[in-house]
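Undergrad: All chains should be built: construct the whole structure from the sequences, respecting the hints.
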Amino acid sequence: MPYHFKPSETVTDAVKRIISEEIDSAVEQLKRTGNQRDEAVHEARKSLKKIRGMLRLIQPEVGRGFYKRENGLLRDVGRKLSEIRDAGAIIEVFDDLATRYQKELTPTAQGDVRRGLKKAKAETEKELKIDEVIRETIHALGEARQRLGGLRIDSDGWNTIASGFRKYYRLGRAAMERAGDEKTPEAYHEWRKRAKDHWYHVRLLEKSWDEKAGTYEGSLKELETTLGDDHNLVVLRQRLEKEPNLYGGHDPVQLWLGLIDRRAEELRGESGRIGSGVYCLKPRKREGEFARLWEVWKAENGKTAGPGIPRKSSNSAKIVQPRASRRAS
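Just remember that the working numbering sits 46 ahead of the position in the sequence shown, which is counted from 1.
These aren't lab readings, by the way, just hints derived from the structure by calculation. This one's a predicted model, so the numbers in the text were calculated from it and none came from an experiment. Glycine included, each C-beta is placed from N, C-alpha and C at the ideal position. One should not assume that every hint holds.
Stated by the list, open to error - Below, simulated SDA-like cross-link-like pairs (lysine to any residue); rule was C-alpha separation at most 25 Å, straight line:
| hint | residue 1 | residue 2 |
| --- | --- | --- |
| 1 | LYS331 | PRO106 |
| 2 | LYS344 | SER54 |
| 3 | LYS239 | GLU223 |
| 4 | LYS253 | LYS344 |
| 5 | LYS167 | GLN82 |
| 6 | LYS267 | GLY315 |
| 7 | LYS95 | GLU116 |
| 8 | LYS126 | GLY274 |
| 9 | LYS165 | ALA155 |
| 10 | LYS114 | ARG63 |
| 11 | LYS62 | VAL73 |
| 12 | LYS239 | ARG216 |
| 13 | LYS52 | ASP202 |
| 14 | LYS239 | HIS277 |
| 15 | LYS175 | ARG83 |
| 16 | LYS149 | ARG161 |
| 17 | LYS253 | MET47 |
| 18 | LYS126 | ASP177 |
| 19 | LYS258 | GLY323 |
| 20 | LYS331 | GLY318 |
| 21 | LYS92 | ASP59 |
| 22 | LYS92 | ALA233 |
| 23 | LYS62 | HIS185 |
| 24 | LYS167 | ASP141 |
Unchecked claim - Label-pair restraints from in silico Cβ distances:
| hint | residue 1 | residue 2 | range |
| --- | --- | --- | --- |
| 25 | GLY264 | THR145 | 23 to 29 Å |
| 26 | CYS326 | GLU289 | 42 to 48 Å |
| 27 | LYS258 | LYS52 | 20 to 26 Å |
| 28 | ASP200 | MET47 | 26 to 32 Å |
| 29 | ASP200 | GLU74 | 30 to 36 Å |
| 30 | LYS172 | SER66 | 29 to 35 Å |
TA: Have a look at this one:
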């Protein structure tokens, strides 16, 4: 199920194919049961995010009204899945943190918090009526498949996606600067969302990449993961602060809050280093690099690149790479 454009397709055909495949994948995942359910919900949410990423790429072509309506419906479809997934993901975050700082923890401090998180997860799933949520989600996805199956974009070629590509790169760049200035969880979360959008857009162009573009995508993935880890720590912190007695009381909770803050500081420093490389170019220049890769790719496959691409030799299709970075240990 390739999440990328194919040289033989028009943009309209590619968009409809990818949306259809991701909806089918989400439905297939949600039909899994038992111990696989947590992972199935996670994979279904990823498919929904990929669809929304695609819609953002073509937003300037399909219009604000269409985008706002369809994105809102898909967001609502995924909202309850997010609540289910978050309850399980928080336990994974906790386990990763416990492994990292194991020498500083007592068995009691670790056990009390983990039992509390497991209890909270069970209560969330019971309250949400998970089987009912999944049935409703599958039905809503079927309706979305029908609606989006009739999508038509009048234009074709690079110009169809150029504005969307530039827009979400620009928004990510601005969000990075805002996060650096404000240093709030909300600002970092917004940056993560915009970085994810740009990552999806670069992935959609995978078949046109050269080696340097592949390296650039790897840095984007690392950035999104780092910002995601930071957000997960924010959610864990909120859970512990809201009901400290569920997690063993004041002392163990304060210990964990200190570890969370320490790790969050490391992650934010790392995201700043990665982001400064990813967003080192202005939006039009970054878009121009991928436009020329698209042109070379289409030419090599005997297709028309589409209007609006600066005509340069294939040797100019180079990506300015982010500076080398390492994940915080």
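Undergrad: Need the list of violated hint numbers for this structure, in ascending order.
TA: Failing hints: none at all.
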